[in-house]
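K.L.:
For reference, the chains in residue letters:
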Amino acid sequence: MSTSNKPRVLLVDDEDHVRTLMKVVVSALGFDVVAEASNGQRALSMFHDTQPDITILDMNMPITTGDEVLQGIMSTNPQALVIMLTSVVDVQSVERCLDLGAANYIRKDTPIAEMKTCLLETWNAHTTAHEETHEHAV
Amino acid sequence: MNTRYDLQTMLEELDEDIAGFDRTKKLSQDDIQRRIQAKRAKPQPHANNTQLRVDSPFTHDQESP
Amino acid sequence: MPDMPNDAMTIMIVDDAQLNIDILRKVLTPEGYLIVTETSGGAALESAPRLKPDLILLDVMMPGINGFETCRRLKQHEATRDIPVIFITAKTDTTAILEGFKVGGLDYIRKPFEFDEVRVRLRTHIQAQMLLRNNIRLVEELETKNQRLEDINALKNKFLGIAAHDLRNPLSSIRGFSELLMGDESELSSEQRNEFLKTIYNLSDYMLILVNDMLDIAVIENGGLNLRLVASSLTQLINERVRVNQLMANGKHIHIHTEISDTPEMQFDTYRISQVLDNLLGNAIKFSPCGKNLWVSAGVRDSMAHVSVQDEGPGLTDEDQTKLEGDFQRLLLSPAPTAGEKSTGLGLAIVKSIMKAHGGELNVVSQLGRGSTFTVTLPLEHADEHV
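Residue numbers (the numbering used here), protein chains in the order written: chain H, 1 to 138; chain W, 1001 to 1065; chain S, 2001 to 2387.
Don't take every hint at face value.
Here are the simulated lysine to aspartate or glutamate pairs, EDC-like style, with alpha carbons at most 16 Å apart [unchecked claim]:
#1 W:Lys1042 to H:Glu95
#2 S:Lys2026 to S:Glu2117
#3 S:Lys2075 to S:Asp2107
#4 W:Lys1042 to H:Asp99
#5 S:Lys2052 to S:Asp2082
#6 S:Lys2342 to H:Asp14
#7 H:Lys23 to S:Glu2187
#8 W:Lys1026 to H:Asp90
#9 H:Lys23 to S:Glu2195
#10 S:Lys2356 to S:Glu2221
#11 W:Lys1039 to H:Asp109
#12 S:Lys2198 to S:Glu2179
#13 W:Lys1026 to H:Glu68
#14 S:Lys2342 to H:Asp16
#15 W:Lys1025 to H:Glu95
#16 H:Lys23 to S:Glu2191
#17 H:Lys116 to S:Glu2179
#18 W:Lys1025 to H:Asp90
#19 W:Lys1026 to H:Asp109
#20 H:Lys23 to S:Glu2179
#21 S:Lys2292 to S:Glu2312
#22 S:Lys2342 to H:Glu131
#23 S:Lys2198 to H:Asp16
#24 W:Lys1039 to H:Asp99
#25 S:Lys2158 to S:Asp2213
Hints are computed from structural coordinates only; laboratory data are not their basis.
Taking the hints into account, I'd like the entire structure generated from these sequences.
P.N.:
This is how it looks when you write it as structure tokens:
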């Protein structure tokens, strides 16, 4: 397991301004944005091409919606770390994404500082859990 | 036209509308985090956990410390 | 207790004995009822669905179809089912009374008649009937109003939906960028700072357009598009709007060709028609790839002025064209602006409403991959039939 490399991030959002903003936020955490997608279909193919450590995923997108992308990712990569970042925050959508295996669900209007904490905590929890799984395996 | 029945139907429809409104209720970030915590506390429908459930030694350990 | 309505309650008396009819008519007419009469069960069954009396006084012993059978048949038919039936009977034994109730009778009056009893019983039943009728009317009124409320509520929800997503998202980003700009200055390069500021400006600009469009739609949906009709030159206005939009077109190297015939001076709302022209020109420029052509033509045909904007953009799918035909529709059409411009999707709905208010219309001819032609028509003589 190579810890020297920065966590590689795939950003998925149909709106340019959100990706611009998130790129800065994610970079400030020391993560590396390796790919960006502006719709769900592109997101799925980019996920398979780049195998990112973290996928930050919007819900409301043309063609393929975020929950469909999430389902697509989790079906082939159940260990994938996907964080939803969206304005869609009704009970059903949140429950559905959490059940599908989203590691976290962040409202888009969350202040940047809080968003950073949330992203970092989710990443740390994920890596810790993985190390444990590895230990169990050994 | 049975008046009483129609009023009853209308009331029922209203109840449904209200229930529908509740379903689309917006969650705050705190609400969401609480839901995530609650889900983590419960066994999750994940590949890993399915394995755990099948593995009887783990469950035995937890039940009889 | 509701007042006696202006339209008097109608009572149908069915009796084979003319004398009984005459007596009852004499007793009941002063009560303010309208009296209709039949002398057999068959005749009553035939005329009741048409006359729709509010109450039927029905003799039991009649040749042919007797009273009980008549009542049973009245209760079987949708049109007469709800009319209360009161039997006129000489028989007061329990069996006959029970039989009457069984076939759907509400009450009975005895022969020979006790006039006061007849009056009081009828009054009671008629009042109950009036209450029921009132109740039905109220429920219908309630349903109509409820439907109207549902329509308004649906519209409000549409607005809330737009506000929820399309205003909240850019607002979240504006706050995010501001937060970054307010943070540690050394963390950002000057290019980044400029990029953030430009993004904030563009997002707020988009939000302003969206809010204005939403307000326009709100005004239109409430039927309140008050046109300020002034006799003006459409030709002049078109030329002016083309000039204004030329700047945006230049930015994308789009050539605007014009073929504008002189139109006679006509009545229209200059502000609203400018809005229409700006929308059509703006869309054509937004959705056209750089370097393409755009044709604006205007002329008069069939006592209507026609203004067309033709582009070489992506064209519309059949589905998109169907959407355009619907009522207030947010048109988030398949093609996206080609140079990162923003579209609120409300523009064409506004154009349609403005044209309709002028007694004109919006038409689209489009071929996927070839381009679209949007045409608005405006009557030369304004008829007062607008919204």
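K.L.:
If a hint holds in the structure, say so; if it does not, say that too.
P.N.:
Consistency of the hints with the structure:
no., hint, in the structure
1, W:Lys1042 to H:Glu95, "holds (14 Å)"
2, S:Lys2026 to S:Glu2117, "holds (14 Å)"
3, S:Lys2075 to S:Asp2107, "holds (15 Å)"
4, W:Lys1042 to H:Asp99, "holds (12 Å)"
5, S:Lys2052 to S:Asp2082, "holds (10 Å)"
6, S:Lys2342 to H:Asp14, "holds (13 Å)"
7, H:Lys23 to S:Glu2187, "holds (14 Å)"
8, W:Lys1026 to H:Asp90, "holds (5 Å)"
9, H:Lys23 to S:Glu2195, "holds (13 Å)"
10, S:Lys2356 to S:Glu2221, "holds (12 Å)"
11, W:Lys1039 to H:Asp109, "violated (23 Å)"
12, S:Lys2198 to S:Glu2179, "holds (15 Å)"
13, W:Lys1026 to H:Glu68, "violated (21 Å)"
14, S:Lys2342 to H:Asp16, "holds (11 Å)"
15, W:Lys1025 to H:Glu95, "holds (12 Å)"
16, H:Lys23 to S:Glu2191, "holds (15 Å)"
17, H:Lys116 to S:Glu2179, "holds (12 Å)"
18, W:Lys1025 to H:Asp90, "holds (5 Å)"
19, W:Lys1026 to H:Asp109, "holds (13 Å)"
20, H:Lys23 to S:Glu2179, "holds (14 Å)"
21, S:Lys2292 to S:Glu2312, "holds (6 Å)"
22, S:Lys2342 to H:Glu131, "violated (46 Å)"
23, S:Lys2198 to H:Asp16, "holds (13 Å)"
24, W:Lys1039 to H:Asp99, "holds (8 Å)"
25, S:Lys2158 to S:Asp2213, "holds (13 Å)"
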